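**Student:** The listed protein sequences derive, respectively, from chains B and U.
Reading the first sequence from the start, the letters are residues 8 to 302 in the numbering used here.
Reading the second sequence from the start, the letters are residues 138 to 416 in the numbering used here.
Worth flagging that the hints you see were computed from the coordinates, not collected in a lab.
Here the structure is a predicted model, which means the values were calculated and not measured.
All residues carry an ideal CB built from backbone N, CA and C; glycine is no exception.
There's no promise every hint is true.
If you want a taste of the chain U side facing chain B, the calculated C-beta under 8 Å gives, among others [unchecked claim]:
no., residue
1, Leu155
2, Met156
3, Trp165
4, Trp185
5, Phe189
6, Thr190
7, Lys301
8, Thr302
9, Pro304
10, Leu409
Covered stretches of chain U (chain B as the covering partner; in silico rule of three or more C-beta atoms under 8 Å from a C-beta of chain B) [stated by the list, open to error]:
no., stretch
11, 171-177
12, 202-216
13, 289-298
14, 331-338
15, 380-389
16, 395-402
Listed below are the residues making up each chain.
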Amino acid sequence: MTRKFIRLHGFGYLLLAPAVIYLVAFQFYPLFETIRLSLYDYSLIANKGMSFIGLDNYKFLITEDDKFWKIMWNSVVWVLGSTLFQFAVAIPAALILSAKLRSRGLWRGLMMVPWVAPVVIIGIVWKWIYDGHNGLANYYLSALNIIQENIVWLGDDFWVWPALLLTSVWKGFPYIALMLLSGLTGISKEMMEAAQVDGATAWQRFTRITLPLLKPIMYVTGMVAIVSSWTKFEMIWALTNGGPGFETSILPTYVYTNAFVYYDLGKGSAIATLSMVFVLLIVGIYAKLFGKEND
Amino acid sequence: MKETLSYRTLKYMSLLVLMVCTLFPFLWLVDTTFKSTEEMFASTPSWWIENFTLEHYTWALGEQGMNIGKLLTNSIIVCTLTALCTGLIACLSGYGLARFQVPGIKLVIILFVLAQMIQGPLIMIPWYELASTFSLLNTKTVLVLIYNTMTIPVGVWIMSGFFKTVPKELEEAAYMDGSTKLKTLFKIMVPMALPGLVSISLYSFILGWNDYQYSLILTNSLAAKTVQVGIAEVMESMGAANWGGILASGVIVILPIVIIFAFIQKLLIEGLTAGGIKG
């Protein structure tokens with residue numbers, strides 16, 4: 008019995024083993040370590056070792072840390088804002104690229120460049136564009152008479168958010184557009200032509216045929232977009248370091264600030280754990296809202 | 138259907154708008170790096186370059202810069218090792234995922250999906266801890282190890298998609314000829330899926346090259362620091378004092394990525410979208 012089992016499946020397990028062992032050792036085990044450390048008072052600066060304090064880190068964050076709830080709210084704005092606006096740009100982009108175009112592959116590839124470019128450099132480029140004195144943003148907006156005086160985009164409590172979201176959308180929309188594009192190519196031309204013959208307008212064809220057929224892929228892509236804007240704190244760190252003050256801090260940047268600026272590993276781990284709970288919550292709600300029809 | 142002229146115009150105008158919106162930051166970046174410092178800070182910015190200069194690139198590549206040569210070498214070594222590692226594991230486990238319906242395969246798939254979520258801030262504190270316990274802080278080794286946690290889940294996933302497109306008959310014929318399973322994998326399957334394998338390895342290289350967060354916490358000296366962290370540091374310390382030099386360094390760092398991407402984009406996009414549709 009076992010012999011037969013090994014002969015039948017042994018090679019399969021052997022093939023899967025390297026990746027599975029790697030992920031368990033280097034991702035799942037550290038994740039449990041994060042949860043464990045969150046129960047300790049563990050600061051590298053205090054230099055007094057670790058001591059078990061149960062849920063005190065959580066209690067402090069939730070009841071005493073006056074920045075925590077603001078940062079929580081920022082996280083929601085960041086994740087939902089990025090995802091929604093990315094879709095808002097990606098849908099028209101995908102429609103444009105799904106049309107019959109000369110050298111379409113080239114345009115599709117060029118569209119992907121922001122997505123594939125390193126976030127540090129993107130941060131620098133956009134900082135240059137948003138610059139308060141010599142930035143292109145101020146120059147164009149005042150040339151068009153939209154603003155009267157220069158705005159220090161990344162240093163202003165209000166404007167920093169639109170600026171950040173714009174950059175995030177610009178960096179993230181190509182991936183979504185790419186996925187939608189692959190969904191669009193699966194929609195049959197005959198169906199579209201038949202609808203047109205029946206007198207459906209372009210808008211009707213879009214809302215009644217294209218969108219419903221795209222739903223499954225939109226669902227999956229939306230999930231990916233939520234998770235990826237969640238697990239990466241790099242974009243915000245490269246542009247604003249979470250500032251001015253804590254104005255654009257989100258949970259992932261707060262993990263970094265606590266663990267690697269204040270060297271409080273215990274509290275950092277507690278924030279990381281909460282942030283994981285939080286993303287699971289969002290994904291859960293998302294799946295509940297949109298998942299049913301896509302099973 | 139015959140296309141009307143106005144439809145064609147609309148189509149290409151929209152394409153133009155899309156391309157301008159997507160690419161203007163890069164064009165502005167490149168444009169700026171060839172201007173003299175004076176021109177860069179002119180009160181009315183212009184796309185026209187009055188005094189073409191290479192001084193920013195000389196600064197970026199030169200002695201007084203950030204030692205970009207050493208940083209680039211670090212990045213290249215780390216990312217090449219990451220690419221090789223991921224390539225090998227994606228070969229083995231991707232094949233396993235594509236062809237061997239072992240009991241528990243559902244669990245393995247869930248593991249791969251979850252692994253793509255367990256990234257960055259969720260695991261960086263224990264990684265820092267472990268790295269210091271094993272004296273791996275500031276080494277290229279620890280970067281290769283952690284970069285593989287980003288690249289293996291996606292690499293195996295995409296690779297299994299490529300393996301699935303290889304006709305089963307080829308393997309069966311090889312077995313008939315008495316070839317072993319491992320030999321079949323490397324003599325038949327890998328050569329068939331080679332373009333795919335190359336593209337996911339190069340994609341891993343890109344992911345490693347672009348990383349900022351892991352290198353930021355795990356390295357702080359020239360021995361291992363990657364070029365991204367190096368540039369971010371110079372940006373922090375000099376900032377507006379040397380925009381030209383920093384932007385020129387940015388061009389130098391982006392360039393290899395764009396070239397690699399141009400080379401693999403067709404296959405990579407195929408792999409990515411195939412995975413996305415299946416979910």
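**Student:** If a hint holds in the structure, say so; if it does not, say that too.
**Tutor:** Each hint, compared with the structure:
1. Proximity of leucine 155 (chain U) to chain B holds as hinted, the smallest CB-CB distance being about 5 Å (cut-off 8 Å).
2. For methionine 156 (chain U), the interface hint holds, since its Cβ comes within 8 Å of a Cβ in chain B; the closest pair sits about 6 Å apart.
3. Look at tryptophan 165 (chain U): its Cβ gets to within about 6 Å of chain B, closer than 8 Å, so that hint holds up.
4. With a cut of 8 Å, the hint placing tryptophan 185 (chain U) at the interface with chain B is violated, because the nearest CB-to-CB distance is about 14 Å.
5. With a cut of 8 Å, the hint placing phenylalanine 189 (chain U) at the interface with chain B is violated, because the nearest CB-to-CB distance is about 19 Å.
6. The restraint placing threonine 190 (chain U) at the interface with chain B is violated, with a minimum CB-CB distance near 17 Å, outside the 8 Å limit.
7. The beta carbon of lysine 301 (chain U) comes no nearer than 14 Å to any beta carbon in chain B, farther than 8 Å, and the hint placing it at the interface is violated.
8. Interface hint status for threonine 302 (chain U): violated, as the beta-carbon distance to the closest one in chain B is roughly 15 Å, over 8 Å.
9. For proline 304 (chain U), the interface hint is violated, the least distance from its beta-carbon to any beta-carbon of chain B being 19 Å, above 8 Å.
10. The interface hint given for leucine 409 (chain U) is met, as the beta carbon of that residue sits about 7 Å from the closest beta carbon of chain B, less than 8 Å.
11. Coverage of the stretch 171-177 of chain U by chain B is violated in this model, with 1 residues showing a Cβ closer than 8 Å to a Cβ of that chain against a need of three.
12. Beta-carbon proximity to chain B at under 8 Å applies to 0 residues in the stretch 202-216 of chain U; the threshold of 3 is not reached and the given coverage is violated.
13. With a threshold of 8 Å between beta carbons, the proposed coverage of the stretch 289-298 of chain U by chain B holds, since 3 of its residues qualify and at least three are required.
14. Counting residues of the stretch 331-338 of chain U whose CB lies closer than 8 Å to any CB of chain B gives 0, so the stated coverage by that chain is violated, three being the minimum.
15. Coverage of the stretch 380-389 of chain U by chain B holds [criterion: at least 3 residues with CB-CB distance below 8 Å; count 4].
16. Here's how the stretch 395-402 of chain U fares: 4 of its residues keep a CB closer than 8 Å to some CB of chain B, so the rule of at least three is met and the hint holds.
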